[in-house]
Every structure is written in structure tokens, then in C-alpha cells.
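4 protein chains.
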Amino acid sequence: MKKAYDVLIIGGGVNGCSIAYQLAKRGCHTAVVEKSRVGAEASSAAAGMLGAQVEIKENGPFFDFARKSRNMFSELVPELEETSGIPVSYLRNGMLKVAQTDEEASHLLEMLDFQRKEGEQAEWRGPEALSVQEPNIKGEVKGALFIPGDGQVKAKELTQAYARGASLLGADFYEYTPVIGLIQEEGKVKGVSTPAGSFYSSQVVLAGGAWSDLITDHEIQIPPMVPVKGECLAVRPAKPVIKATVHAPDFYLVPKPDGSIIIGATEQKGRMDKQVSAGSVQNLLSKALRLVPGLQSAEWMESWSGVRPQTTDGMPYLGAASLEGLWMATGHYRNGILLSALTGKWIADLIDGTADNQEWIETFSPLRLKEGKGNLVETNH
Amino acid sequence: MKKAYDVLIIGGGVNGCSIAYQLAKRGCHTAVVEKSRVGAEASSAAAGMLGAQVEIKENGPFFDFARKSRNMFSELVPELEETSGIPVSYLRNGMLKVAQTDEEASHLLEMLDFQRKEGEQAEWRGPEALSVQEPNIKGEVKGALFIPGDGQVKAKELTQAYARGASLLGADFYEYTPVIGLIQEEGKVKGVSTPAGSFYSSQVVLAGGAWSDLITDHEIQIPPMVPVKGECLAVRPAKPVIKATVHAPDFYLVPKPDGSIIIGATEQKGRMDKQVSAGSVQNLLSKALRLVPGLQSAEWMESWSGVRPQTTDGMPYLGAASLEGLWMATGHYRNGILLSALTGKWIADLIDGTADNQEWIETFSPLRLKEGKGNLVETNH
Amino acid sequence: MKKAYDVLIIGGGVNGCSIAYQLAKRGCHTAVVEKSRVGAEASSAAAGMLGAQVEIKENGPFFDFARKSRNMFSELVPELEETSGIPVSYLRNGMLKVAQTDEEASHLLEMLDFQRKEGEQAEWRGPEALSVQEPNIKGEVKGALFIPGDGQVKAKELTQAYARGASLLGADFYEYTPVIGLIQEEGKVKGVSTPAGSFYSSQVVLAGGAWSDLITDHEIQIPPMVPVKGECLAVRPAKPVIKATVHAPDFYLVPKPDGSIIIGATEQKGRMDKQVSAGSVQNLLSKALRLVPGLQSAEWMESWSGVRPQTTDGMPYLGAASLEGLWMATGHYRNGILLSALTGKWIADLIDGTADNQEWIETFSPLRLKEGKGNLVETNH
Amino acid sequence: MKKAYDVLIIGGGVNGCSIAYQLAKRGCHTAVVEKSRVGAEASSAAAGMLGAQVEIKENGPFFDFARKSRNMFSELVPELEETSGIPVSYLRNGMLKVAQTDEEASHLLEMLDFQRKEGEQAEWRGPEALSVQEPNIKGEVKGALFIPGDGQVKAKELTQAYARGASLLGADFYEYTPVIGLIQEEGKVKGVSTPAGSFYSSQVVLAGGAWSDLITDHEIQIPPMVPVKGECLAVRPAKPVIKATVHAPDFYLVPKPDGSIIIGATEQKGRMDKQVSAGSVQNLLSKALRLVPGLQSAEWMESWSGVRPQTTDGMPYLGAASLEGLWMATGHYRNGILLSALTGKWIADLIDGTADNQEWIETFSPLRLKEGKGNLVETNH
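Residue numbers (the numbering used here), protein chains in the order written: chain A, 1 to 381; chain B, 382 to 762; chain C, 763 to 1143; chain D, 1144 to 1524.
Source of the hints: derived by calculation from the structure; they are not laboratory data. Since the structure is predicted, the reported quantities are computational estimates derived from the model, not experimental observations. Errors might be hidden in some of the hints.
[Stated by the list, open to error] Derived BS3-like pairs: lysine-lysine, alpha-carbon spacing no greater than 30 Å straight-line:
no. : chain 1 : residue 1 : chain 2 : residue 2
1   : B       : 726       : A       : 239
2   : C       : 787       : D       : 1145
3   : C       : 952       : D       : 1382
4   : D       : 1145      : C       : 1001
5   : D       : 1382      : C       : 765
6   : B       : 726       : A       : 2
7   : C       : 1018      : D       : 1299
8   : A       : 25        : B       : 383
9   : D       : 1333      : C       : 1001
10  : D       : 1168      : D       : 1260
11  : A       : 138       : B       : 668
12  : D       : 1382      : D       : 1211
13  : B       : 519       : C       : 1036
14  : D       : 1281      : D       : 1331
15  : A       : 274       : C       : 764
16  : D       : 1299      : D       : 1430
17  : A       : 138       : B       : 383
18  : B       : 620       : A       : 3
19  : B       : 668       : C       : 1049
20  : D       : 1299      : C       : 1005
21  : D       : 1211      : A       : 274
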């Protein structure tokens, strides 16, 4: 039996599943081909912050895309939970970006200004106001930018909800099915080959995260990406110690609805392994305990890591690739969860020809770097 | 520092936590003292069915109590999820009670009659109607009673939501704190002693499930209970195979929102161990695969067990015990999740003196058996 | 820093690690490049039987190779345990091959004859003698072939012992390092490329098990293999129920030193996933409980699966591949543990040019099938 | 069926199982009654050091007992491994006791003197000699006492080997069977009562570790003990960084044969919970990384804890208790693994009346403290 689909998606991470969900909603016969299991990699390792205003610092199409994606969650989550039956624990508990030096404080005040000009909610908290709002933040803090509208989801549950929603709407999921190569004919993609046989489609979306460039047909130029391992911890205090997500310059604390707090994340370029090092645990814990000493007695729960794909200019690759019928949706780096809502819709729009934001098409094109727009980020293989 | 409380609850299972939640809501200074962790035993082993109409077959105060408890969930769940932040996956997917022999069918038809007289929704499905509603039920089935209003929760999450809700409202939880004995003075309870020191209160609720009778002060007569181990499995089909919970005479299939199906449960009297036997796995799987052959290719997930406390007349012990200030809330057997909603409220009412349903007070009194009302259930220690 | 080695081994399974161990012993600067972790796949899923006489039925170089490999364990194990510090639980508890039909019995009697002619120890057990030797075998059995010399190891521990032994002797292990392609120059292999950079060597051994053909350079003809998933269970009786490994025509029971019994294994061609199906659990348990009813009360422990690479003629590929400097050591199918001892030595001999068994060179050559010797096994992708 | 035994042992920890093993060897019909599973508590949480010379600093019967117990392992281990089939990874890799201040160095030099007078092997390593022996110890170290003969086992495997050895020699193990009380008659013990019914014997050994005093019959005076929680971590460097066990004043590093290193242990009096705190992880890791910076890149594996029973004078309770027929074998604190070899033999000697070391009988008598010999250790409940 020949396995033929309208669209094939390579990769069952949060973005592959979001694309499958949006396509399935539109009646498109879709299959996701996944090397191991749905959400096995970075998608279930993420802390689940929806921090559009924290990660991106400058105006332009990327900030625009991120904000639009974040704003989709308030409607998308109830729809997804209804369709899939899986709760994703969407919570708008706000984000505090704290400054531990005067320089950081001044940088945050600039950001405050920018956010307000953009019409986003943002407030300043001096040390005193901060200690009223979050009395357990005890480390030396010069002030904090508070973004009340920022929220979070459970990243693993969001991925599963997209996948189950798509599945119930008719999409097929092939797990443990690594793609070995693309099937091509006259310069057009015709499907993918796997150890479990071939799958056919004239539309293939490559959403393989940091594993996207393991597909190595010589004819396809996959634009450069570098894997960046991030390590996280979770601890659980007996009683809540912080209400908002707390973001310091080089680590963050995300209080989850189940009472645990995720402490993240390191950045290790060129590392694709899943190991968490003793040094990283020590380093993350030390910083967290210095800022919030009340975590000293919190229960140690676990540590884990995920590998995020970083592009050379920091923006994802969303759009048509160098082979006809091949699309890319990868390179989301630390913003995979946040961007997943709009990524799903945008790729579906591109495939069915209704995408009309020309600025996005150009900005996120996987081919943009050939034209000399990107700045190569240094890597340490 | 003397640890003194308005009310002490022994046992952090679903009922102990529900009681703590209701008492904390009323501003009562409450502590839960738990031998290991919250929800460590039967409360997180349950399949989470809210089958008021399936488990209890005859009219009377018990059926009344069970129905009222079930009806509380539609309001309690949103309140709990809001307070605790923990989703409990409440779902009203209905229950199909299937008959595999003519005798069972005739028994179910009587039950149908009874339910309708009681004003409950219940419908009959002949073999054909059944195969339309649930086409994957393939075993020989004589018909089924369908109860559209029956629902389910995730048992572990419900327990944690009660506990976290109570905690956020001010209740204290002492985990890994086994109670060694009651502190008494002049025929009144004054607290409990534990390896971590004494806790004081003039109101103590014994909600220890099958472990309730490990407290062995000679003066307190804990009415007889027998532990009954129940073993369960979970499997996950690639696509949904049943929509409703399916209840056959000696096993059941509960489809959970995450796509898994819980298959349960054995009944092994006098067993307090946590082992699942090879024979039980084989037996439960064989029955399930015969009734729903589509599960053949479902993914095996896991097996587990829980120990439920069975009383001699099958009804829980809810009320004043033989020592002044001591209350019991145990013996819920297979109905712990279902009854937890009202158990919490009822015990809180009893303690603050507002309980006025005299029939319930008498029916569920832990002292009822002395007065010759109970029939001793045979046990196989 | 250029990573250059005398020999590179692709794949950290039991055979890749055994090769690394033998090469490291000879002072060869060796590295193992592994896509995930050492022993992550079939090597730690195996039951660990060293059944040279059970798996191979006919005389010839394959039987010869298997016997020699089995015979190596009695000296190799103490050496490995000394070097690595890791106990591998080598045990010679014998193997009972039981016949459940007269046809099987007559087949086993032929095998008895063959084994004796070959000078191997083998004995016949009629039903009565069998019930004396193994009184818990209760199913209808026509007799059994007993091979007292067959043994077992712990497969995962053996793999780790090879790896740690090699590491302590100087070999490097790169985990989480998938090989994307071979580096070639003028028809010779020069190394491998991975997401973590290139590794250089003029000798590369492909020991990737069922994943060997994911390396898809067009120039290299990897001879055909089919992945065959095998599912296993473990149970633990309170007291030992069998002493020897018991092998029925379509399943086996391996009593391990820790008191558990491994029940295996299904054979599912073309499947590379790791899922264990509900149907397989039911099927394996039913057969095992019928033959040894005493397992009914044994504790259920776990289930798992592994994917074995099957070649078209059933024999492994050991030898020079189609590219100069490239060697293959894969296709061991169900005999990976048993053959690992000699595979390590044989590949090391081939690489350092001391291999002189011309029959083996020809029989196991990965290029043999081109010359029309192999019979294609049918596959069901 | 009445369950009657020659000897009943309460507690399936390392000492309960060692006693069962020694009694079973002598043909005594023995049963172990265990609240959860064999080795569930401190016995499988221990790092497995056999450091007779490190833990005990002064001459006398306790040092004598510890040395004799340690010396038993070289013969006991092969016997146990042969009987049980379970490898316990006995290793004599030596112990380095490092001094980080001059005061500690001078204390260690006294200890060196004492050890030598006692005829034990012990050597001094100045900073330079130390850096030759263990080049990865980089923290400021004033010198180290090296005890070449000290060894280690795998604590969990040792416990299981005792248990399985005993079981194969005829002992019965009842897991998940908490003892509620002792059965007494005319001032003599007659057995124990449990939720699974009564067990009868005129000889009962209480070997319940930190749980021993949960049995609270008023007539039996269990001498005072305080639970002390100890937390541990394990990490795994890619290559070995230390050869010997390294013992600093307030933490230790135990290199295990599988390549992992156990870092332990905190001491938290009055805590019976199993939680590991964030603060403890941070604290242990910081100390370890300061002393051995090469562990920075080691893989984080896991953390765990165990609860050890500490007596008021630091010595175990071994001998007749206040009730005829009741024996105690508990209070081993941090020396449970080390002392288990001789504890098993000593209790068996006491029960069968062949114990003749009168000094030990008096020194370890559970009744010694009544007579005013013990000094109450302060506790922080």
C-alpha cells in the first residue's frame, strides 16, 4: 500500500505538530514522520515561557511575529484543550526581568521604554516595590521590569495537545521513523524515504529542529544552524516562593502550576548530547539560591536538557527551501514554544497559498542568508 | 515550638486532602500528617471513574450520598483548578455497562429501571445500537446500559489539587511523618505522636485508608476493615478505540483524555503489597482484548496497584469514633475518588457542628457495627 | 583540534564495543562514535543467552564461529571483569529445548544427534526425566534436549564492560554523535562527519546494528538488512521455578541470577519502533504461564524491545566493505551477544592483517551476496 | 495455616537479611517480615564503604567489632556470590582521608599513629605524594592518611545477595508486611501481628533500622534512637578522576566500579523524609568540585537519601532486649553495611547460645543505657 499524503511533515516536535494541527483543521491529509516519539526532544525540555517581550529586544518583523504568536494562545488553548482533551496549563502569571547591576537596570529601563512605545504593558519595579511584590527575592537587585501579560504553558503537554488534536482530525503519526533522504524527481520533492518504506507527497515540511540537517542529500542546501544544548533543573518548595516568572540576565525561574519551579538554562553551543553536567547543576543552583534563598529547602526533583537549533541570524527558517515542494520550519532556537502557535498557521498559509505578509516571507525565508543578510554567529564545535 | 492545630488529619489521600481543603476554606487551621507522600497509595492508583450509578445498586442513603458527591464535581472542579492551578481532567464521557450473558443483561435491565425511577439518566443499547455507538466492541455482548452523565477525573491530579488548594489556603502538610499513636487525656484525643515529634489538636480525623488500623492504641476500637489490593494496567492505542468508559462484570476500560486506556481492576483481599502479578496482567489483558480486539496493537504502558480499605458492610466509616474528638473518614473501598467531594464537606460539617442529615450520621457512623447492623464480609487473610 | 584515530568504530553496541576492546588491547588508538549512548539499543535489550547450539542448526563456518565465540567467554569474562570492574553475571546454567509436539520432538532428536557428532554435550530428557529436573514445567511436553554447557550473561553489563574496558585501555567514546556520512578521498575512506565535527581515520568499522543503513552515501553499497523488532518481558517469582534456560519453539524463559525470568521474544520484521504491544504481552505471558503455571503469581516487572538487524542469508556481515578502509560488523540478528566475543577479535585480526581463516573471510564477507550466494529473506516493510 | 518459625526477623534491611542468611545456613527455619521491600531504605542508599578505620577513632570493643566485620568480607563475598548468584562488586581500592586545614592534618597524624599501633596498614601522603597518587585532587590539601586495605561493596546488591542467599537456603520473606505489634504471653515474646495475620516464634529479632521504634507496645522499652537523614549524589565522569575513596571532613567521594562517583552525605537529625533538598545538592556539589575540579564536566546522574538510626552513644544495639525472646539488631547509624557481616553472625551466635565474647555482650546490649553508660546525643526534632 502506497503511503501518499497531501503534506508530509518531518519532525514531531512542537512546531511540526502545530503545523499538522493547522493543516488537519483545514482538511488536508497530513502525516508526521518522527525519528523517535512526539515531543521527544527540545519540545518537552522547554520551560514553557511565552515571553515575547523578553527574548526579542528590537522592533521589526521578528518581534511582530512573536507578539502575534503569543497573542494567539488565549484563543488557541481552549480550542486545543477542547479538541484534544489534554490540558496545557496556560497561565498568565507575568514576568519579572530583574537587574543585578546598574548597567542591567539601565538596559531594562530602555526596554521598558521600547515596550511601552510598542503598546505593550510593562512596568518598572524599584527594589522596594519588588520586595513587596516578591518578598522572597533577596539577592541584591537594582530593580525589575514587570511584564504582567507574559504567560506560560506546559511545553510537553502543548506538544501532545497539538499532536492529539491533529490525530483526532485525521492526521497520521509515524513514530520511530527516521527520514533517510528525500525522494526527488525533476527538481521537485516527491516524498521521503525511511527504514519503514517510502512516504509520498509533493509538499514536505522539514521541521526537524536541531536534527534538521541530518538529512544530507547533496542537492538540498540546508542553511546553517548550530545545535545549542540547554540544561534545566526543577525543584519544589513546600510553599510557593515566587509568583511571577523571574528572569535574571543569565538564568530564569519559572513557577509551574504544580508547585515546582524550573531553573534554566545553560547554553552550550555545538553540543547535541543529553547529558547534564555536575558543573551546570551547581552553577544554576548557586545562582538561584543566591537570588531566592528560600529555595534552599526546596525539594530537588530532576534535571534534563534539550537541544535547540540556532540559526546564523537568530531568526527561524520559515518558508520555501531550495527544492520545489520543500518547506522549512526550524531554527526556532529558544522560542519554539512561543512561536509554535503562529508557525503552524503561517506554514499552513504558505502551503495553501494564502500567505500574504511579504515582509515575513522575506524575513524568514530559509534562502535569505545566501543573499548576504545574515550575520554568522560564532560557534564552538 | 509546639505544633498545635484546630484539626489534624491523619492521611494525605484523596479524602484526607479533600477534608483539609474544605476545612481550610472555612478558615480552620489544619494540618495533614502523612506517612509517605500525598496521594502515594490508592488515591493515585485509581482509574478515576465517577460512576455513582455503577458501583451502588440499591436505593438508600449510600446511593444518595454517592449521587450528591458525583453531582458536586461540575462546580467543584473549576473551583479547585482555579485555586490550585492543577488541571484534573474532568470529563463526562458516559459509562457503558455491558452484559456478556443473558443473565447479566436481565440484571442490567433491572438496574435501568431502578435508575430511571430515581430520576437518573440511563439508556439501553441493544447489540446493534451498541455496535453503532462503539464499533470496536467486538466480543459477544448481549446489550449494555448506557449512563451518559457518568464521568471521570485524573485521580492523582484530583488528590494533588485538593492538597495544593488546601496548602495555598493555609493548611500544613507533613509528609514522611507516620503517626505512631494518639495522644489522649481523660478520654479525649489531644493530638498524635510521630517520629518527628508530637502534633496537638482536640480534633483528629483518621483518614488513613487501608493503613488506618496500623494505629493500635488499645483503647481505640477501630472498626474492622480488610485491605483489598487492586491491580490495573494502561495501554495506548494509536487512535481512539472507545469513547465511553466500558464496564464489564469483572473488569473495566477507562479511556483517558491523553489517549491511554486504563484496564482494571483485580480484587485481592488481605493483600497490602504493591506487586502486580504476571497472572493478573495476563488475565486483565485477555479479557480486554477479547472484548475490544482493536487493543491488540495498542502500546503497553505500565501496570500498578493500590490497596483499598473494605468495611464489613461495604459502606465507608464517616463520623465520630469511640474517643472524644476523634473522627473517621475511611473505608471508601472502590469509591474513594467519587465520594471524596462530599466526604470533605461532610466531615467539615460534622466537625463544625453543622451536619444535620441524621440518616447519614447513623448510616456511616463508625460505631454502627457494634449495634449489629453490619454483615461481616468474609475475608481471606 | 583534528580528531584523528587509528580506527574509528561507528556504533557503541555490544559488537562495536567488543571491537574497541580488542583493538585497545593491541595498542591501537581507537574511537567509538555512537548516535545516542553505549548499549542503548538491541545490546541492552537482549536476554543474554549464549546458546550456540540452539540458534544454529547446521554444521559449517557459522556454527563453527558461534561455538568458538561461546567458548571464549570462560576466559574472556574474568579478564573483562578484572579490567573493567563491571560484573557481567556469566552463568552456565544449561539450556532445555522443549518439544510440545511429536514433530518437534523428532526434530530435537535429530539435533541431539548432530550435536553429539560435533562433539558437543547434549542429552535427551523424556517427560519423566524432565519433570524430575524441572518439576515446575507442567504444560504438555514430549521431551527436551538438554545442553548443559550453554550459558548466559547480562547483556547490558557485558556491553558496558567491553566499553569501560576499552575506555580504560585508552579508547575514546563519543556519545550522542550520529554519523551523517563518510569522508572519502580517491575511493578510500578517510573518516566520518557528524554534527559535532569530523573524525579522521583510514580504517572505519561500521557496527551500527539495525541503524547501519542510515548512512546513505550513494557510493557505498550497504548490503540489504531488515530490522526485526523483538519484545521481551521480565517477571520475578518469589522462589526459583526453573533452573535452566527453557526454550520452546516460539518463546523462551531465561532465569537470571537476580531471581527474575526474562520471557522473550516476538519477531516483528520491518519495525524499528520501541513500543511493546498489548497483544505481545498477552501472547508471551499466556504461553509462559501455560508451560510453567507457577509463574502465575510471579511479580510483573517490565517489558521492553530491541531492534535486531537481519541479513538476507541469516549470517552477519563481517569483513571488508565496498570502499577501501571500510569494514562491516553488523547483521548479527539474534546472536549479537553470543558472537560479540569472537567478532571483536576477528575484526581486530582483519584490520591488523593477521586474519587467516579464508573460509570465514569468504563466508562472512559483506560482499558475498553480490556473488549470488545469499537467499533473500522475505520482508514486510 | 499457622505461620510458625524458629526465628522471626522484623526488617529486611542489610542487617536483617544478614541475620537471616546466617540463621538459614545453620538450618534454622527463619522468616523476614518487611514493611515494604527488601533493602528499601538505608541499606540501598548507602555508598557501600567498608571503612572500619575511618569511622571509628578510638580503640575498644566497637573498633574491634568493626575490624572483624570488615575482615570477614574477603571470604564472605565469594561465598555469598556463589550462593546467591548476585555480584556485590567488592573492591579494595583504598581510602584517602584528606586534611584541608593544619588542624585536620594533625588529627590525621594522630590517627595514623593509632592505626599503626593497632597493627593496621596506614600511610601518610604529603601534598606532593598525594598529587602523584591522585593528580585530580586540586583543592588546597595539607596531606592525607591513606588506608590501602579499605574497600567497598555495592550496598543494594549486598543486601539482595544476603536476602536471596537466605531465601535459597530456605528462609521466607514477607514483603509489604508491616509489623503492628508483638504477641506476648507471660512476659515472653510469641510472635508478631501484621495486617496479613500473625506470625509465631519464640525468638524475634528487631532489625527495623530507623523504623524500629514504630513498634510501640507499652511494655517494651525500645532504647532511644534518633533518625538521621543522609543525602547523596552520583555523577559520572567520562574518564576516571580518582582511584581511591576520598574522605574529607564533611563529605566523601566513592568511585564505583561502573565509573560513577557517589558524593555524600549530609546529616539531618530528626528527619525521616526521603526528600533531597536543593541546598544539599548545591552544597555537596560545591565541595566536591572545589576538591576535584575535574568533576565539573561529569554527568549528573541522580540524588537520593536514606535514614539511619543513631543511638545515644553511637554504638549499635545488638543483643537481648527487655522482653524474653526479643533481640535487637539496630542502631548501626552510618556503619550498617560495614557491620552487617559480623552482625549476622553475632546475632545468630546469641540466639543459638554460642556467643561467648562477654565484652561485646555488655558493650552492645540494648539495655546498657539504663545502667547509665550512654551519653545522650542531642537531637533536633
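Consistency of the hints with the structure:
1. B/726 <-> A/239: At roughly 24 Å apart (the allowed maximum being 30 Å), residue 239 of chain A and residue 726 of chain B satisfy the hint.
2. C/787 <-> D/1145: violated (61 Å)
3. C/952 <-> D/1382: Given that 30 Å is the threshold and the Cα spacing comes to 27 Å, the pair holds.
4. D/1145 <-> C/1001: Given that 30 Å is the threshold and the Cα spacing comes to 20 Å, the pair holds.
5. D/1382 <-> C/765: Holds, at roughly 18 Å.
6. B/726 <-> A/2: With Cα atoms ~60 Å apart, residue 726 of chain B and residue 2 of chain A exceed 30 Å; violated.
7. C/1018 <-> D/1299: Holds, at about 17 Å.
8. A/25 <-> B/383: violated (61 Å)
9. D/1333 <-> C/1001: With a Cα-Cα distance of about 27 Å, the restraint between residue 1333 of chain D and residue 1001 of chain C holds, given a limit of 30 Å.
10. D/1168 <-> D/1260: violated (36 Å)
11. A/138 <-> B/668: With Cα atoms ~59 Å apart, residue 138 of chain A and residue 668 of chain B exceed 30 Å; violated.
12. D/1382 <-> D/1211: violated (35 Å)
13. B/519 <-> C/1036: holds (28 Å)
14. D/1281 <-> D/1331: Cα-Cα ~59 Å, so violated.
15. A/274 <-> C/764: holds (24 Å)
16. D/1299 <-> D/1430: Cα-Cα ~26 Å, so holds.
17. A/138 <-> B/383: holds (29 Å)
18. B/620 <-> A/3: holds (18 Å)
19. B/668 <-> C/1049: The given pair, whose Cα atoms are some 16 Å apart, holds under the 30 Å limit.
20. D/1299 <-> C/1005: Given pair residue 1299 of chain D, residue 1005 of chain C holds - Cα atoms ~24 Å apart, limit 30 Å.
21. D/1211 <-> A/274: violated (45 Å)
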